[in-house]
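First to last, the protein sequences are chains A and B. Mapping to the numbering used here: the first sequence position 222 is 222, numbers consecutive. Mapping to the numbering used here: the second sequence position 36 is 36, numbers consecutive.
Keep in mind the hints are simulated off the structure, nothing from the lab. Small disclaimer: the values here were computed from a predicted structure and weren't measured. Errors might be hidden in some of the hints.
[Unchecked claim] The list that follows gives simulated cross-link-like pairs (lysine-lysine, DSBU-like), each with its CA atoms no further than 30 Å apart: (1) K379/A to K77/B; (2) K379/A to K155/B; (3) K138/B to K112/A; (4) K112/A to K91/A.
[Unchecked claim] Sample of chain B residues facing chain A (criterion: CB under 7 Å; computed from the structure): (5) E29; (6) R40; (7) F60.
A virtual CB, placed ideally from N, CA and C, is assigned to each residue, including glycine.
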Amino acid sequence: MADIYLDNNATTKVDPAVVDVMIPYFLEQYGNPSSIHKFADGVARGLKQARQQVQALIGCEHDSEIIFTSCGTESNSTAILSAIKAQPNKKEIITTTVEHPAILSLCDYLEKEGYTIHRMPVDKAGRLNLESYKRLLSDQVAIVSVMWANNETGTIFPVAEMAALANAAGVMFHTDAVQAVGKIPMMLQDTKIDMLSLSGHKLHAPKGIGVLYLRRGTRYRPLLRGGHQERGRRAGTENSASIVGLGKACELALEYIEYENTKVKAMRDRLEQGITGQIPHCFVTGDMYNRLPNTTDIAFEYIEGESILMLLNKFGIAASSGSACTSGSLEPSHVMRAMDIPYTAAHGTIRFSFSRYNSMAEVDVVLKEMPGIVATLRKLSPYWSGDGPVANPEQAFAPTYS
Amino acid sequence: MWDYSDKVKEHFFNPKNAGAVVDANATGEVGSISCGDALRLTLKVDDDSEIILEAGFQTFGCGSAIASSSVLTEIIKGMTLDDALKVTNQDIADQLEGLPPEKMHCSVMGREALQAAIANYRGEEWKDDHEEGALICKCFAIDAVMIEEMVWANKLRTVEDVTNFTKAGGGCAACHEDIEAILEKVLAEKGEKFDPTAAPVAAREKIAAVKAPLTNLQRIKKIEQVLESLRPALMADGGDVELVEVIGNTAYVNMTGACNGCQMAAMTIAGIQQRLMEVMGEFIKVVPASEMSTTARMQDDCMDAGGRATQGAVAEVEQCMEQLPELVNIEVA
Ligand SMILES: Cc1ncc(COP(=O)(O)O)c(C=O)c1O
Ligand code: FES
Numbered sequence: 001m002a003d004i005y006l007d008n009n010a011t012t013k014v015d016p017a018v019v020d021v022m023i024p025y026f027l028e029q030y031g032n033p034s035s036i037h038k039f040a041d042g043v044a045r046g047l048k049q050a051r052q053q054v055q056a057l058i059g060c061e062h063d064s065e066i067i068f069t070s071c072g073t074e075s076n077s078t079a080i081l082s083a084i085k086a087q088p089n090k091k092e093i094i095t096t097t098v099e100h101p102a103i104l105s106l107c108d109y110l111e112k113e114g115y116t117i118h119r120m121p122v123d124k125a126g127r128l129n130l131e132s133y134k135r136l137l138s139d140q141v142a143i144v145s146v147m148w149a150n151n152e153t154g155t156i157f158p159v160a161e162m163a164a165l166a167n168a169a170g171v172m173f174h175t176d177a178v179q180a181v182g183k184i185p186m187m188l189q190d191t192k193i194d195m196l197s198l199s200g201h202k203l204h205a206p207k208g209i210g211v212l213y214l215r216r217g218t219r220y221r222p223l224l225r226g227g228h229q230e231r232g233r234r235a236g237t238e239n240s241a242s243i244v245g246l247g248k249a250c251e252l253a254l255e256y257i258e259y260e261n262t263k264v265k266a267m268r269d270r271l272e273q274g275i276t277g278q279i280p281h282c283f284v285t286g287d288m289y290n291r292l293p294n295t296t297d298i299a300f301e302y303i304e305g306e307s308i309l310m311l312l313n314k315f316g317i318a319a320s321s322g323s324a325c326t327s328g329s330l331e332p333s334h335v336m337r338a339m340d341i342p343y344t345a346a347h348g349t350i351r352f353s354f355s356r357y358n359s360m361a362e363v364d365v366v367l368k369e370m371p372g373i374v375a376t377l378r379k380l381s382p383y384w385s386g387d388g389p390v391a392n393p394e395q396a397f398a399p400t401y402s
Numbered sequence: 001m002w003d004y005s006d007k008v009k010e011h012f013f014n015p016k017n018a019g020a021v022v023d024a025n026a027t028g029e030v031g032s033i034s035c036g037d038a039l040r041l042t043l044k045v046d047d048d049s050e051i052i053l054e055a056g057f058q059t060f061g062c063g064s065a066i067a068s069s070s071v072l073t074e075i076i077k078g079m080t081l082d083d084a085l086k087v088t089n090q091d092i093a094d095q096l097e098g099l100p101p102e103k104m105h106c107s108v109m110g111r112e113a114l115q116a117a118i119a120n121y122r123g124e125e126w127k128d129d130h131e132e133g134a135l136i137c138k139c140f141a142i143d144a145v146m147i148e149e150m151v152w153a154n155k156l157r158t159v160e161d162v163t164n165f166t167k168a169g170g171g172c173a174a175c176h177e178d179i180e181a182i183l184e185k186v187l188a189e190k191g192e193k194f195d196p197t198a199a200p201v202a203a204r205e206k207i208a209a210v211k212a213p214l215t216n217l218q219r220i221k222k223i224e225q226v227l228e229s230l231r232p233a234l235m236a237d238g239g240d241v242e243l244v245e246v247i248g249n250t251a252y253v254n255m256t257g258a259c260n261g262c263q264m265a266a267m268t269i270a271g272i273q274q275r276l277m278e279v280m281g282e283f284i285k286v287v288p289a290s291e292m293s294t295t296a297r298m299q300d301d302c303m304d305a306g307g308r309a310t311q312g313a314v315a316e317v318e319q320c321m322e323q324l325p326e327l328v329n330i331e332v333a
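Only chain B is shown next, with the shape it has when bound in the complex (with noise of 0.2 Å):
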């Protein structure tokens, strides 16, 4: 069975805050279909102060699921709900002693029930941002989607430079040839075939493996020159991007003129991040900024650093980036 630590088994054997709040004023309900955990969050808040007074857990799902909801509703008692928002899936983690790589999405799940039960709480519709796809690589706890969208973003051909650029397949090499399924598959997408034998992409364009990771500021000065030179064929189309706000690796643009409300406009979109993923060789998230719902109010605890940055204190976002690690949809490497 999995090697837990003491703090999951004592969450697990002696759960904090089992069942529902009597009467509670906010409720999340998340789950993961593929694994079969689902969890639903019940809190109390105070009205003047938003300090969360109660909180519940009632969970389906194994011994992580169960102690993860336990240590999450032992956290957030006692906090304000914008403090709340602050909690990531690695501080749920950090506080059971760690997850095995295979459970880390049961502290992601705790993270999302906690987002769902404020935005209940504050009357906004959760919507879930995360992908999370079938784990592929055990040693570094890298799942597919993500393999997928380094593929893509970086041309990569070869096993070796999905280790490269993710990690995935570092280790003991019992996931190469899911990898190699993975390159099949998106090369096959992109018209191309996979060649086993190929040279990896740092051979092939004798460019480092793994590139410095882009500053905040270096990023946004990036994607402004990248929809620069897409703007001229927007415009043709009578049509217009804007960049409103960068966080993390996620862009949020308005589209405007003839784009904006266009059906075409989320192939846009599309489009454009791809575009920015091949300039910027990194996996780079577009958004449209009317999207920057439940998570908005943990941005504008970036805005105002955000906005500094542009003056200089980039440390001061990365600062802000630490807290907030789950927007930052792939860690650069």
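Just chain A, same shape as in the assembly (with noise of 0.2 Å):
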């Protein structure tokens, strides 16, 4: 069988068709959009085209509200440091602890030159207190971003609900929906969301292209000036194949929508129910009711997620892993951290995430190999005899740490 992709949550494979609609715009319409000549001719055409594919998908009002940038990172960059610029005087932000580090790093540097960070904490399931939110709400505060979904539990925060509240408070609404863009149906005109992020590599189209969606009549500054394009909210040449390619891949998730929440959400499910079924000592983090279709992130107690990822990788399944060891980084992932989750466990996490090019027979080889893999690795560790942990794991094993 050819190797197995379920790190889509990572990125996704480009949808062959959106390459061929990207091809022309590098071998014939590859002139400046700006320029008045036949190379150019059809490259306004094509944004056009792509503004109104990505309008569609997550239903809001204008195709004038979309603005093209570079990546996720880019599109949440800019909401933030554009909602602290245009309102001076606000020196508070909101954001969760569990947010994606292009959010979370960014916070960091703002806390530096003088900004209070509030990071709304989460429960063992991931979840938000709202009453909480409530209290921190204030005219100090120049922006709330909550993520809409978690890139690696899946979880699906109220960000409609919460951005309802934040504007009764007269604050800004800012949503990294990076995860959630092509997921879940969204119809933004009909939340309070003044501000989002989306990125193309996420949903089938190019890496390098990015969303961001500014509500018509939210107060803005540009990140990046220079030349007028995308209104002069964020200058320089426009990537007109990656756009094009972007507004196809927006309109291919429209159509593959209940796909998604259909047919990838069975194939998590059974994937999910089969490795809790059959393996011992391993759970499902995050909301389990309340999260992605395509990605479930399980933890297998008192082994090491690095190691199981390389025992996957040896079957050809490529999934990706929480611990700290993946990511070069001494700590295991912060999302695990928030939820409190132990570190026997946090650190042997792992999540898979499909897409509408994975299949039921693909979930049946992981479910053949997985137990395998984790019998053999729990072989190997201190906290297991057997076949089960030791009595009390923490206390028959309990090292001088360093």
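Got two chains here, each in a separate frame; can you build the complex from them with the hints?
Set out below in structure tokens:
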């Protein structure tokens, strides 16, 4: 069997139909969209169409609310920096402890610059407490930035409700929807969300293209100044081929959104139930009842994630892990720590993330290999003995830590 | 993923000596909580010859932690305990044909488990004497603890200083922000303010940024001099200090008189260490001689050579030092 790709939250394969629409923009319509000659004729039309395709997927009111950027990270940075530049007297930011580093590192940096950052904690299932959120909202807050769906666990936050609360308090609301767009239906015009980030490479468009949705009427300051591109809101010659590709990818995502929430979800569920049913001492992390349809994050106790990935890789299966060792950082994933997952489990989390390119046959291969992989590593583990964990694992093995 | 050598993969996919040795008479358990790696090493040691007959490991950890454990058991099987104590983490990494800088701590863990197991066999208590901080400079594998100590010891003020003394920051420059944060923190502790535009130490004091490392003999003499200069103050309080041994950058001292057992002894030792570092411009660790516990045997090996070193056999000391790089807490630039 061919290799199995279950790491779609990290990035996705570009849909061949997306590649097809892009090629003419490299070879024929390569003119600068600002030029007035036949090499550029079609480009402005292509961009316009792409804008409408994105608009349709996220359900916003105007296509002019779409600003093309270079990636999700740029959209996130633009949103937060714009909000604080446009409201210089407001010195607080509300976010969560489980955001992507694209938000958290920027907030850490702004904290050094004198901003007060409220990082809302989550409970053991990765959920926020809306009562404490309400108490944080005030006229001192420049922006709330809360992710729509978590990249590690797939947990969905109630962003529409939170945006309405922010709006009522006169506070701007941004959501990092990089993982949510294309996986769950959305209708932005029915919400009070002011800004939203998305990234092409998570929905079968190329890497290096993103969007910042900016609700009409929202106060705004550009991050990149220069030419008049994107109405001066994001200067720099348009990445026309990728923009057109992203448009096509959004059109396809809209077509497949039901498939995503039925067929793809069924694959995910079968894998999850198969693993938790066959393998002792493992559990699903995050909010089981409020999750992206394509994601499952499973903690395998008493073994470490990078080892699991290396063995999966041997069988041609690609996934990812929240373990410290895969990232090169010394800490296990901040998302696992925020959910208070014990470290003997946090280091052994594996995220399987599906796309419409996966199949049930692939699920069966993973289900066949996974028990053996876990058993092999548990045989090496000091916390394990025979076919179960040692009694009182934390006491039975209490190494001297350095 | 990591660019692991074939050797690492070989030991990971087909680990040697996995599991606990059934009738083990030595056990060492160590771990690094920050990375979530932990290792139990069990040995069967022949009581007469002190030869390691069998070695087994149980590891909770990543690919390189498992590979380091596996290769360690292969290295030490058949060795005497004394020889096994000479195995360094570099030996482990070398046997694996190298480890990525972020993963070197896996080999350190292997060596520590071995020391702990031997201490256990000998009825001693093993104490971890190595401090590991967050990895700051990935280009040169320099951690926060080392940078902080160098900033303290050498009155460093700028990122350039830190690069000159530790190499950190001399590559891709990605760590400059983190180095500045350390400078800011340490300087604040000293009651100074970090000034990003300050001139580097070298320019300020017109000294060569990187001094030639001291030979062991020079180091011992200098330490004696510094202790001599501190002695009047100690004696005024009814105490005294005696230099017992110098191994690499660690000075073992005896606090006598009123200093002995005094609550302030630890602080006094810290003060002596600070003074030594200031004068000598290199990292010196001062340790009470009573703590020459588990590493003592390794030091014994050096002692003879060290004794003769004063008669001029510096080369021999240095050769001995090479076998003990872990005792040289900081490689002098
Ligand atoms: C939630 C979230 N936000 C932001 C990003 C960053 O997106 P990009 O890689 O396009 O900068 C990612 C992807 O890694 C993500 O998962
Ligand atoms: S990480 Fe320090 S110079 Fe590259």
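Structure-based check of all given hints:
1. K379/A to K77/B: Holds: K379/A and K77/B sit about 21 Å apart, inside 30 Å.
2. K379/A to K155/B: Violated, at about 50 Å.
3. K138/B to K112/A: Answer holds: K138/B to K112/A is near 23 Å, not above 30 Å.
4. K112/A to K91/A: The hint holds at about 12 Å.
5. E29: 4 Å, holds
6. R40: 4 Å, holds
7. F60: Hint on F60/B: holds, closest Cβ of chain A at ~5 Å, below 7 Å.
Going down the numbered hints, you'll see the structure goes against just number 2.
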